[in-house]
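Dock chain B against chain A, hints included.
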Amino acid sequence: MKIKFKNPFKIFALFIAVLMFSMPFVSLCQQGLHVEAMVAAERDAETDTSQLLWIGGTFVLAAVGGCLLGSVGLLGAYIYDPPVPSHRLLGKSPEYVMFYTQAYKEKVENVQLRSSLLGCLGGTVVAVIRWTPYYSQN
Amino acid sequence: MSKKFSITFLLIFLIVHALHAAPLKTLSLNFTRELTENNTTEHTAGALNYHVKTARVVVEVTEPLKQIMVVEDNILEIYYPVEQQAFRFISQRRVPLPFVESIIQSTQAEYGLTTIGFSLDKHEIANNVLYFYWTPPEKAKDKLGTVILGMRDDRLVSTEVKNPKGGTIARSQYLNHRKVGINLIPMTVTSSTYGLKSEILQHERIVYSNPQVNAETPNPILNFTIPESVKVKVVKW
Numbered sequence: 101m102k103i104k105f106k107n108p109f110k111i112f113a114l115f116i117a118v119l120m121f122s123m124p125f126v127s128l129c130q131q132g133l134h135v136e137a138m139v140a141a142e143r144d145a146e147t148d149t150s151q152l153l154w155i156g157g158t159f160v161l162a163a164v165g166g167c168l169l170g171s172v173g174l175l176g177a178y179i180y181d182p183p184v185p186s187h188r189l190l191g192k193s194p195e196y197v198m199f200y201t202q203a204y205k206e207k208v209e210n211v212q213l214r215s216s217l218l219g220c221l222g223g224t225v226v227a228v229i230r231w232t233p234y235y236s237q238n
Numbered sequence: 615m616s617k618k619f620s621i622t623f624l625l626i627f628l629i630v631h632a633l634h635a636a637p638l639k640t641l642s643l644n645f646t647r648e649l650t651e652n653n654t655t656e657h658t659a660g661a662l663n664y665h666v667k668t669a670r671v672v673v674e675v676t677e678p679l680k681q682i683m684v685v686e687d688n689i690l691e692i693y694y695p696v697e698q699q700a701f702r703f704i705s706q707r708r709v710p711l712p713f714v715e716s717i718i719q720s721t722q723a724e725y726g727l728t729t730i731g732f733s734l735d736k737h738e739i740a741n742n743v744l745y746f747y748w749t750p751p752e753k754a755k756d757k758l759g760t761v762i763l764g765m766r767d768d769r770l771v772s773t774e775v776k777n778p779k780g781g782t783i784a785r786s787q788y789l790n791h792r793k794v795g796i797n798l799i800p801m802t803v804t805s806s807t808y809g810l811k812s813e814i815l816q817h818e819r820i821v822y823s824n825p826q827v828n829a830e831t832p833n834p835i836l837n838f839t840i841p842e843s844v845k846v847k848v849v850k851w
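Chains A and B, in that order, are what the protein sequence lines are. Each residue of the first sequence is one higher than the last, beginning at 101 in this note's numbering. Each residue of the second sequence is one higher than the last, beginning at 615 in this note's numbering.
There could be a bad hint or two in this list.
Each computed DSS-like pair below joins lysine-lysine, with the alpha-carbon atoms no more than 25 Å apart [said to hold, decoys possible]:
# : chain 1 : residue 1 : chain 2 : residue 2
1 : A       : Lys207    : B       : Lys850
2 : B       : Lys847    : A       : Lys205
3 : B       : Lys755    : B       : Lys736
Counterexamples of contact, computed for chain B against chain A with all Cβ distances above 10 Å [what the hints assert, rightly or not]:
# : residue
4 : Val709
5 : Ile739
6 : Ile762
7 : Leu815
8 : Val827
By construction, these hints were calculated from the structure, which means they are not laboratory data. Model, not experiment: these values are computed from the prediction. All residues carry an ideal CB built from backbone N, CA and C; glycine is no exception.
Next up, chain A with everything else stripped away, as it sits in the complex (with noise of 0.2 Å):
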């Protein structure tokens, strides 16, 4: 069947048409890479933060100056970032890209602040019961 668009409306009203029901497919898809990225950017962000580093070093901090430097431990985590993973942006697109590295520097900063704080709150509690006693004789 051969249809014959001769009337410039028509024309105009099928644009519109396929404009129309195009839009929800485009935003689905964006939608789906934004949450392929978000999970391969958050997955990878937590295989290169190395938890138990943080955890050690902001625990010592705190065992051996309390709070005051642990939160020396806290601040690290919150400014330190690790290299762009430029290998994992090759042949990726520029939507993924940007969705990538948002969710990949948030869960980086995430991780970090996580295991810092639980680092220094250990080591508070150390520092503390150390001191007590100490403190409480004189």
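Same frame as chain A, now just chain B:
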């Protein structure tokens, strides 16, 4: 303990040594990469261009999309010629050079391990391969275990990095060496990273072709800059 952190730690020291010791000036290669992770395989193809003196890498990806990636020092730029989009990541520290590390390392005697404080523990021969067991320096012993290098006919054919408990973190194989200039470059590199239960987390296979070392007229793409007409999204990392 992060496996990739440990590998990155090792690679950073190795590449610094390698960059100074390598007789390379420029290197260009075509590549295809298959990356298998979580039961999905991604294919990427393109060309790698490396300028040693400036430590600048330009990767021109042709599949699955058109992309040009430029890495130099602490800056990573990604340009999409079709979409006319670009990113510039400004990092606090040096951005790892994609692909280059494994190629350069494979051309270095002993991988430069002595220079960074590793000591040769023992060696043994199995299946015509001479294996060297290297112990990491004290300061790295909490992150790294033994590094095992396999040599056959004076060329590096395998590397294995272990964690401090003796479990394998990563294993690479270097195959199909080709003499390019004075360097023996492996044209196929396969690498696997392993989880705590020795399960494969990621498997990568890179096949190189058309190698060109110290070309008299280096590929002009080595001087690539993002066109001024393209709006660059700058990300402070």
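Against the structure, the hints:
With a CA separation close to 16 Å, the supplied pair Lys207 of chain A and Lys850 of chain B stays within the 25 Å bound. Between Lys847 of chain B and Lys205 of chain A the alpha-carbon distance is near 16 Å, which keeps this suggested pair within the 25 Å criterion. A distance of roughly 17 Å separates the Cα atoms of Lys755 of chain B and Lys736 of chain B; the hinted pair therefore holds under the 25 Å criterion. For Val709 of chain B, the requirement that its beta carbon stay farther than 10 Å from each beta carbon of chain A is not met, with the minimum near 5 Å.
Residue placement check: Ile739 of chain B keeps its beta carbon more than 10 Å from all beta carbons of chain A (closest about 34 Å). For Ile762 of chain B, the condition that its CB be more than 10 Å from all CB atoms of chain A holds, with the nearest at approximately 23 Å. Interface exclusion of Leu815 of chain B from chain A breaks down, the closest Cβ pair being 8 Å apart, not more than 10 Å. Listed as outside the interface, Val827 of chain B is consistent with that label: its C-beta sits roughly 22 Å from the nearest C-beta of chain A, beyond the 10 Å cut-off.
Hints 4 and 7 from the earlier list are contradicted by this structure; the remaining hints agree with it.
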